[in-house]
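Fit chain B to the known structure of chain A by using the hints.
Number of protein chains: 2
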Amino acid sequence: MKVFIAGIDGYLGWALAQYMTHQGHDVAGVDLLLRRQWVAEVNSDSAIPIYSHGERVHAFQQHFNKPLDFRVGDLCDYDFVTKVLDDFRPDAIVHLGQMPSAPYSMIDQKHSVWTQVNNIVSNLNLLWAMREVVPDAHLVKLGTMGEYGQPNIDIPEGFFEVEFRGRKDYLPFPRQAGSWYHQSKVHDSHNTHFACKIWGLRATDIMQGVVFGTQFPGLGNDPRLRTRLDFDQCFGTAINRFCVQAVVNHPLTLFGAGTMRRGFLPLRDAMRCLTLAVENPAQKGEYRVFNQFAEAYSISELAYMTQEVGAELGLNVAVKHYDNPRTELEEHYYNPDRENLLKIGYTPSQDVKSEMRLMIEDLLAHKDHIQKYAHVLVPDIRWDGTRRKSAEIAPKT
Amino acid sequence: MKVFIAGIDGYLGWALAQYMTHQGHDVAGVDLLLRRQWVAEVNSDSAIPIYSHGERVHAFQQHFNKPLDFRVGDLCDYDFVTKVLDDFRPDAIVHLGQMPSAPYSMIDQKHSVWTQVNNIVSNLNLLWAMREVVPDAHLVKLGTMGEYGQPNIDIPEGFFEVEFRGRKDYLPFPRQAGSWYHQSKVHDSHNTHFACKIWGLRATDIMQGVVFGTQFPGLGNDPRLRTRLDFDQCFGTAINRFCVQAVVNHPLTLFGAGTMRRGFLPLRDAMRCLTLAVENPAQKGEYRVFNQFAEAYSISELAYMTQEVGAELGLNVAVKHYDNPRTELEEHYYNPDRENLLKIGYTPSQDVKSEMRLMIEDLLAHKDHIQKYAHVLVPDIRWDGTRRKSAEIAPKT
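So the protein sequences, as listed, match chains A and B. Residues in the first sequence are numbered consecutively from 66, following this note's numbering. Residues in the second sequence are numbered consecutively from 66, following this note's numbering.
Hints may contain errors.
Because identical chains cannot be distinguished in the list, a pair is counted as satisfied if it fits within a single copy or across any two copies.
[Claimed, not checked] Once the Cα atoms are required to be at most 20 angstroms apart in a straight line, the calculated EDC-like pairs of lysine to aspartate or glutamate come out as:
| id | residue 1 | residue 2 |
| --- | --- | --- |
| 1 | Lys233 | Asp219 |
| 2 | Lys148 | Asp173 |
| 3 | Lys233 | Glu222 |
| 4 | Lys262 | Asp173 |
Note that these hints are calculated values from the structure, not bench results. A quick note: this is a predicted structure, and the numbers were derived from the prediction, not measured.
Chain A on its own, in the form it takes in the complex (with noise of 0.2 angstroms):
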């Protein structure tokens, strides 16, 4: 299948490239490289070292045989994007192109109208451009878990059947969104539906886990085939920061108690689960929710066993509680359903430990790297709107 990745040069969209092109498919991109300007706006750098966008390509093509095309271009800009969509023509748009980073959106009001326009423009115009020049293609969007927020129900995948002073209804589920960037999420999934209902469009909006990890199936051994590995703040998602910290000797940051539990996969899951989404296309017309996650754990559970894995590996990992920048329930009931990918034959790796050694033993060569970037590793942005660095507390008892 043709499959256009709106994202290309990101953790998720560099890797997808690759690993979809090892499957088969024939893939195009676009990006506006952006990511890289953000990490480097919040003085921190990928943690496995990246390539230019020409190098990336380059290498691409010596590894797989065939050329990419990945432009570099803005998808606010509306123009660009019928063009690229009528060059190539897609079966499949995957949408990765997005500011992801919740933290981010939370510095001050710069960033979350920043945050908020980019995300709900790109999604808007790719929804009209579908319309325009590729009505029949099938719309796989990224949306995250982070969506419903924290019900105290369990959280079905998108819809649910309501009874409601006797009469009954078929209702998208609830959205409680604990950031502005999961609030664009939010608005991204109301205008991606709306568009499916009256243009008949295909979608599949992807309500996504945490993703960990550094390979996956199909990856070359050049190093500018790598994908990126950040760890900061912003753009560092847990598992990921907790490795980053184990091999740089740092304690592993658990925000307030830790008990927040949120569903995790692996970077080869998460390839896997979007090549199925797109492989088994929604219905004209349909819109359709995925949540996609292995596993869920305790953000402590987690801290623990990064704990574990760097004893077997020789690391003395400790582990410490931070005051939690954030406004978020830190006990809380959380039951998400997964069954949407498991009946397009999704396995869930369970397997999260031999994950991280694979993790910390990729990062271990760019322990000196890392280290200059040390500073990025306990936050200081607040959901309140201040800044200030969190402190190190003491473990409930």
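Below, chain B without anything else, positioned relative to chain A:
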């Protein structure tokens, strides 16, 4: 109380400035005067002539014998928003300053993107500016009953108790908005709820029905004090458009079967409700939702009521069906609550016919002016993204 009106030049805003001043409050406001441009862009004009911003301020000062701080500026300009809030330091902010038309947002890619960006950014800026400058002020934000869409169950006021797989939670009611404009209002509601949660702001989110009418208590005799009244396909809403059509002897344009039900309220009730919301503020950190309408009617009930009132005034009014340019259910369940405003003193007007009669009498004085714009009375903006004038269709039997 000191009440700041965002969108003070609009249909509701200019009326509210007078109504609340008449009720003894101190009013100030801002507007970018864009409504005047949008209506000109769709080749129409207010049925009741309106005066320039300067003439309005002058007439206000003469009539109420007090100055009016009415500034022209953009809510999307954050520095402007913080400056005016800091200068005025309001107790309440009534946010009416948005692009309010579903069809206008559906014209094309540019209009949909512009609508969502303008509405979301103006609302986000107000939230951030409140946090920074007047964190104890109360935001009364205009939403729309259209945020709920057409669920097959009762519509509560913003939240409902859900039982799902044996567990219960009190959750936001799912939103299923039916245009890019209505979606922008859903996004604003989500953002506003989140701001109350993280920053302790207080907000009342008004899910307003369709407003109609030209009269309200406190309106002076000076023609410069009259508020606008639109009748084009974008900015003219159902009853207002019907009364204008009755005056110029144009058939009343029922879309489709005309069996769609909506909540309606006279302009005077909207003024009363917004004032009650201001005078009974939400608690700190509270985000509450009021469904604001007097009664629910089907569109065809209102058309035939307009016909009756027209006949009493000697007008020969025809009712005709036109193919529906919108994607919506025509036959649907509709039973929204409206208890929260009753609890703080609202008594809904139930006399739609008297209000129609007052409006038609007002409009008859401007028949020649309206006649010049008769070309706008049949819609051509379609929900599928095309333009085609609706044709007359046979009514269903």
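Structure-based check of each hint:
1. Lys233 x Asp219: both (18 angstroms within a copy, 10 angstroms between copies)
2. Lys148 x Asp173: between (34 angstroms within a copy, 17 angstroms between copies)
3. Lys233 x Glu222: Cα proximity of Lys233 and Glu222: in one copy and across copies (18 angstroms, 18 angstroms).
4. Lys262 x Asp173: Only across copies: Lys262 and Asp173 sit 16 angstroms apart there, 35 angstroms inside one copy, limit 20 angstroms.
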